[in-house]
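Both chains are sitting in their own frames, so use the hints and assemble them into the complex.
Protein sequences appear in the order of chains A and B.
If you read the first sequence in the numbering used here, its first letter stands for residue 1, the second for the next number, and so on.
If you read the second sequence in the numbering used here, its first letter stands for residue 115, the second for the next number, and so on.
Derived by calculation from the structure, the hints in this document are not laboratory data.
It cannot be assumed that every hint is accurate.
Listed below are the simulated BS3-like cross-link pairs for lysine-lysine, each with C-alpha atoms no more than 25 Å apart in a straight line [unchecked claim]:
hint, chain 1, residue 1, chain 2, residue 2
1, B, Lys-156, A, Lys-49
2, A, Lys-68, A, Lys-58
3, B, Lys-197, B, Lys-171
4, B, Lys-171, B, Lys-156
5, A, Lys-68, B, Lys-156
6, A, Lys-68, A, Lys-49
7, B, Lys-171, B, Lys-192
8, B, Lys-171, A, Lys-49
9, B, Lys-197, B, Lys-156
Far from chain B, by Cβ distances over 12 Å, these chain A residues were calculated [unchecked claim]:
hint, residue
10, Ser-14
11, Gly-16
12, Leu-20
13, Asn-24
14, Asn-41
15, Leu-56
16, Phe-63
17, Ser-70
18, Ser-84
19, Ala-86
20, Pro-114
All C-beta atoms in this analysis are idealised placements derived from N, C-alpha and C, irrespective of residue type, glycine included.
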Amino acid sequence: AQSVTQLGSHVSVSEGALVLLRCNYSSSVPPYLFWYVQYPNQGLQLLLKYTSAATLVKGINGFEAEFKKSETSFHLTKPSAHMSDAAEYFCAVTSHGGAQKLVFGQGTRLTINP
Amino acid sequence: EPEVTQTPSHQVTQMGQEVILRCVPISNHLYFYWYRQILGQKVEFLVSFYNNEISEKSEIFDDQFSVERPDGSNFTLKIRSTKLEDSAMYFCASSAGDRGQPQHFGDGTRLSIL
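Next up, chain B with everything else stripped away, as it sits in the complex (with noise of 0.2 Å):
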């Protein structure tokens, strides 16, 4: 069964650099997204992504974050400047509509931040 993959699956940074999140997700899905757990919360909707360009973005998806996919397979999440409090399990998530079509996640990136 096809699936969503995401590199790496663990990340560490020191707070102040730039990190990127990969994500390849089902290859005949159209709609992207990231998602965060910070560890004990609930899960978060950062950003959704359909036709090369951004659907609609959390609060928390600020200047920080931005989303690309640079080559029609790989979709990629930059945290620019990391601060500790993105400290978080980030999810990749791929769909192929928007009708009440499931979101598949992939195994996430845990990203920690020193």
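Only chain A is shown next, with the shape it has when bound in the complex (with noise of 0.2 Å):
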């Protein structure tokens, strides 16, 4: 079974600061990895995925992720945060083939100080 753990249901960061935010996933398989964006009463937006290409995983908005298969972790960062950053954000894994039913952490509330 698939299951994605994202630390801190909370960060909050200064307007300019570094964001980092934490997944740490676990699968049998190889997987695929995903950040998803929800902004308030708005669906799920795709950040970025990883899909066993480049490591380093570049998306929209100035965000990027990199997937370390010994740490079983793929973290989100963004070197300066912006105060239209603030959202939710959902770390999700798949697997290869089947359904590809994707498994979410329990998500990362972002909060911009100005």
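Below, the structure written as structure tokens:
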């Protein structure tokens, strides 16, 4: 069975500071990994995905994530936070083949302080 | 950019009544999904649908639930005899393929059972 753990249900950073949202996964087969963002009253928007190509993945809005197999991690980073980054972020895992259901982490609410 | 649309955005129903949640997936997508998010909890997989049949369903998706693609454009989730614990945000998603193709989500339907 696959699972995702997001460390920190709430993260608060200052505008312009580094954003680091942590995600660790568990999977017995090579995973596909995703980060989604959810703004208030909206659905889940794809930020980026890892599908076994480059381990450093660049996404939208200046975010990137690095797949580290040895650490079973897929942490999300952004060098300089912007007020518009305030949202809930979800890490998700699925596997090669099969129905491709997404297994989500609990989510991390990112707050940006002026 | 094509998007997944869900209606209604908010549904209020008396316990024991039937509800139908509607989704229009992205037109060239082949895989369809329903997820739910109970307030304050993680997003949970309910069911996946491909080639006019259920590919996989979670233990949440019991006999109370059913899905249908009645006309080649809509994808519906029916909940018979709703219970208080069915109150949640329900998300529809679709994807073009099953090999790491990202799932695109609608904005969700907030279901409130009274």
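Against the structure, the hints come out as follows:
1. B:Lys-156 to A:Lys-49: holds, 19 Å
2. A:Lys-68 to A:Lys-58: holds, 15 Å
3. B:Lys-197 to B:Lys-171: holds, 19 Å
4. B:Lys-171 to B:Lys-156: holds, 17 Å
5. A:Lys-68 to B:Lys-156: holds, 24 Å
6. A:Lys-68 to A:Lys-49: holds, 14 Å
7. B:Lys-171 to B:Lys-192: holds, 14 Å
8. B:Lys-171 to A:Lys-49: holds, 24 Å
9. B:Lys-197 to B:Lys-156: holds, 20 Å
10. Ser-14: Ser-14 (chain A) is indeed farther than 12 Å from all Cβ atoms of chain B, at 27 Å.
11. Gly-16: Label holds. Min Cβ-Cβ 29 Å, cutoff 12 Å.
12. Leu-20: holds, 20 Å
13. Asn-24: Given that every Cβ of chain B is farther than 12 Å from that of Asn-24 (chain A), nearest at about 15 Å, it holds.
14. Asn-41: violated, 7 Å
15. Leu-56: Given that every Cβ of chain B is farther than 12 Å from that of Leu-56 (chain A), nearest at about 17 Å, it holds.
16. Phe-63: holds, 15 Å
17. Ser-70: Nearest chain B Cβ is 21 Å from Ser-70 (chain A), so the label holds.
18. Ser-84: The claim stands: Ser-84 (chain A) keeps its Cβ more than 12 Å from every Cβ of chain B (closest is about 18 Å).
19. Ala-86: Consistent with the label, Ala-86 (chain A) stays out of reach of chain B, its closest Cβ about 18 Å off (over 12 Å).
20. Pro-114: Its Cβ never comes within 12 Å of chain B, the nearest being 27 Å, so this holds.
When held up to the earlier numbered hints, the structure conflicts with hint 14 and nothing else.
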